[in-house]
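A.B. asks: What follows is the residue order along each chain.
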Amino acid sequence: MYAQMVKSEATQDDPEKLAAFQARIDAGEKIEPKEWMPEGYRKTLIRQIGQHAHSEIVGQLPEGNWITRAPSLERKAILLAKVQDEAGHGLYLYCAAETLGVSRDELTEALLAGKMKYSSIFNYPTLTWADIGAVGWLVDGAAIMNQVPLQRTSFGPYSRAMIRICKEESFHQRQGFDIMRKMATGTKAQRHMAQDALNRFWYPSLMMFGPSDADSVHSAQSIRWKIKMNTNDELRQKFVDQTVPQAEYLGLTVPDPDLRWNADKGGYDFSEPDWDEFFEVLKGNGPCNTERLAARQKAWDDGAWVRDGLMAHAAKQHSAPVAAE
Amino acid sequence: MGAVVDLDAALFEGLCRLGDSTLVLGHRVSEWCGQAPVLEEDIALANVALDLIGQTQMWLGLAGEVEGRERTSDTLAYHRDVWDFRNLLLVERPNGDFGHTLMRQFLFDAWHQPMLAGLAQSRDTRVAEIAVKAGKEVAYHLERSADLVIRLGDGSGESHARMQAALDTLWPYTGEMMVPDATDAALAEAGIMPDLNGLRTTWDALVQDVLAEATLTIPESGFMHKGGKQGQHSEHLGHMLATMQFLPRAYPDATW
Amino acid sequence: MSAEWPLWEIFIRGQHGLNHRHVGSLHAPDAELAMRHARDVYTRRNEGVSIWVVPSAAISASSPSDKGPMFEPSQDKVYRHPSFFDIPDEIGHM
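Chains as they are written, first to last, in my numbering: chain A, 10 to 334; chain B, 1370 to 1625; chain C, 5 to 98.
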């Protein structure tokens, strides 16, 4: 998922107000921006939505890496449209965060200063065309696991952004699977690329859900506030159960010798990813952390004169009245 | 090149000129994905690139059909070398800064839009149909690029300077769009494509108006590069093709 | 400079005859660019036939704390709804 390890903020509000707030959430009401909310709720949401938005934007880069090398005109168009959607999703999410009193520029600067995170998954490289398939199939698949329940989150603007995103995103995982299927049933070299992509993206995809949070106080608070809908382990299990049969269909081998169907629990037993690696990636030591942030920094710096120039022009003009149709 | 006698050969050539130009420009614009100055522009640039890629599929698809050698739009895009490409030199210019990308787009759009309007009147209905569809997309491209050129030309001191620099660099690549060769003449004669001489008036008027409003100065030198339409390109195109064609070339027996 | 572009609220008429509906927001230096951005961002999937853009700062919103006095008085005026009235079956549609 795109928001990992979001710490919930402690809240020191009036207990009566807090109880009334919780009652509204329990009753399934949506919280809207101008309404009273605990400071901790607001801050946690800014961090979570901001991280989610950053993930969409940084997430453009590993896939964008192959737009200029897509193997056919149609694949090029599909991939470009898909990565364009990620930009749109980032935009919707930044707007949702902005209703909480933080600006998009502030969030961007926090990302570039390393004060805010994005999903660990985007620090892994896309080395072959099959990786573009794997990203769509596994990474978008994992993201969807998280995003579908988030459509019911308690914060109105976040929920509405997620509804729009889920609607648009429905083609993303399919396009990834479609690429994988072509590769897995293609030439020897293509089959090799497909298996190699699965080998490299399997564990990083499992990491997307974050370490087990069954005992986490932060997660419990976020779940009570309905800004987190499931535990990390629940979502990870669901992802494995859904993905393994798909890999079998493709004739690919999930790189986990201990993967077994467990009839008692009605799901697969599987190996944990290397959590030391995960924490190193979060600290900035993943294969592509430096390149990803440098690319965002360059876009931000190089674009400054455009943003300023357009503002300067607008300031010179009289704001034209806009008539309703 | 000598006089073109075979009209189908001329048509194939003319369609490659259109399709290669949209292909190369679409590719260049797609290089911006994830790097634009602001999210809203990132999305807008992708829309332009998607339109151009779609137009490429139509023009090169028709080119393959006219040629009758079972080459598809993908075969033409991915399995020809530099000397077979017929795109304008203007569109293979590297992206440079956002100002160069935008100025290149505007100078091309200002030609592309009246060109498509002429093609929509083609005696060849296949050509006319594509031109009508592409014309709607390109009308929007032109509206967008002209407006942004005006805004950034007449924006801040820095944006003005950058737009002027872009204009100075790109201006010498605009000439070949409006200079017909034997192929263009044969196609115009047959009523299949518009007379390029006629496009010049429209292009000049539009470009002069927009650049004046943008407070930008058209370079005085009348020197113009040429050769793209005949397959004589700059070094840049080869690098672009090396990237673009890598997979189909490296794995010729694969389908994707 | 480095002033952030202002925020705009985007309303789209999905089909002829329907109301414009709030679909989201975006940043733009002025109304004209907000309009173009709205076209590029919010109608990529053929979602609209007409767009309104409004500066977010120009929207006056009712205060959440007024929710009671503002909206509750209408709750007991049930006679405003047609289902309040019994119409005999033999009358048919009315």
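Honestly, the hints are just simulated from the structure, not real lab data.
Note that the structure is predicted; figures quoted are calculated from it, not measured.
Honestly, I wouldn't trust all of these hints.
What the hints assert, rightly or not - Derived DSS-like pairs: lysine-lysine, alpha-carbon spacing no greater than 27 Å straight-line:
{"#": "1", "chain 1": "A", "residue 1": "Lys191", "chain 2": "A", "residue 2": "Lys124"}
{"#": "2", "chain 1": "C", "residue 1": "Lys81", "chain 2": "A", "residue 2": "Lys235"}
{"#": "3", "chain 1": "A", "residue 1": "Lys26", "chain 2": "C", "residue 2": "Lys81"}
{"#": "4", "chain 1": "A", "residue 1": "Lys124", "chain 2": "A", "residue 2": "Lys16"}
{"#": "5", "chain 1": "A", "residue 1": "Lys43", "chain 2": "A", "residue 2": "Lys26"}
{"#": "6", "chain 1": "C", "residue 1": "Lys81", "chain 2": "A", "residue 2": "Lys52"}
{"#": "7", "chain 1": "A", "residue 1": "Lys126", "chain 2": "C", "residue 2": "Lys81"}
{"#": "8", "chain 1": "C", "residue 1": "Lys81", "chain 2": "A", "residue 2": "Lys176"}
{"#": "9", "chain 1": "A", "residue 1": "Lys191", "chain 2": "A", "residue 2": "Lys43"}
{"#": "10", "chain 1": "C", "residue 1": "Lys71", "chain 2": "A", "residue 2": "Lys43"}
{"#": "11", "chain 1": "A", "residue 1": "Lys176", "chain 2": "A", "residue 2": "Lys39"}
{"#": "12", "chain 1": "A", "residue 1": "Lys191", "chain 2": "A", "residue 2": "Lys26"}
{"#": "13", "chain 1": "A", "residue 1": "Lys52", "chain 2": "A", "residue 2": "Lys191"}
{"#": "14", "chain 1": "A", "residue 1": "Lys176", "chain 2": "A", "residue 2": "Lys124"}
{"#": "15", "chain 1": "A", "residue 1": "Lys176", "chain 2": "A", "residue 2": "Lys197"}
{"#": "16", "chain 1": "A", "residue 1": "Lys39", "chain 2": "A", "residue 2": "Lys292"}
{"#": "17", "chain 1": "A", "residue 1": "Lys247", "chain 2": "A", "residue 2": "Lys124"}
{"#": "18", "chain 1": "A", "residue 1": "Lys274", "chain 2": "A", "residue 2": "Lys292"}
A.B. asks: Against each hint, give a clear statement of whether it holds in the structure.
C.D. replies: These are the hints, each one checked on the structure:
A distance of roughly 41 Å separates the Cα atoms of Lys191(A) and Lys124(A); the hinted pair therefore is violated under the 27 Å criterion. Distance check on the hinted pair: Lys81(C) and Lys235(A) sit about 34 Å apart at the alpha-carbon level, beyond 27 Å; violated. Restraint check for Lys26(A) and Lys81(C): the C-alpha separation of about 31 Å exceeds 27 Å, so the hint is violated. Among the hinted pairs, Lys124(A) with Lys16(A) is consistent with the structure: their alpha-carbon atoms are about 14 Å apart, no more than 27 Å.
Taking the CA atoms of Lys43(A) and Lys26(A), the gap is near 15 Å; set against the 27 Å cutoff, the hint holds. Pair hint Lys81(C) plus Lys52(A) does not hold up; C-alpha atoms about 41 Å apart against a cutoff of 27 Å. Our distance criterion of 27 Å between C-alpha atoms is broken by Lys126(A) and Lys81(C), whose separation comes to about 52 Å. As the CA atoms of Lys81(C) and Lys176(A) are separated by approximately 38 Å, the hinted pair breaks the 27 Å bound.
The straight-line distance between the Cα atoms of Lys191(A) and Lys43(A) is roughly 50 Å, outside the 27 Å bound, and the hint therefore fails. Simply put, Lys71(C) and Lys43(A) have alpha-carbon atoms about 12 Å apart, close enough for the 27 Å limit, and the pair holds. Under the criterion of a C-alpha separation no larger than 27 Å, the hint pairing Lys176(A) with Lys39(A) is consistent with the structure, at around 20 Å. Using a Cα cut-off of 27 Å, the hinted pair Lys191(A) and Lys26(A) is violated, with the two alpha carbons roughly 56 Å apart.
Taken as a hint, the Lys52(A) and Lys191(A) pair is broken in the structure, with Cα atoms around 44 Å apart against an allowance of 27 Å. A C-alpha spacing of about 31 Å is found between Lys176(A) and Lys124(A), which places the hinted pair above 27 Å, so the restraint is violated. At most 27 Å may separate the alpha-carbon atoms for a hinted pair to count; Lys176(A) and Lys197(A) exceed this at roughly 36 Å. As the CA atoms of Lys39(A) and Lys292(A) are separated by approximately 35 Å, the hinted pair breaks the 27 Å bound.
With a C-alpha separation of about 31 Å, the suggested pair Lys247(A) and Lys124(A) falls outside the 27 Å cut-off, and the hint is violated. At roughly 35 Å between alpha-carbon atoms, Lys274(A) and Lys292(A) are farther apart than 27 Å, so this suggested pair is violated.
Comparing the model with each earlier hint shows violations of hints 1, 2, 3, 6, 7, 8, 9, 12, 13, 14, 15, 16, 17 and 18; every other hint is respected.
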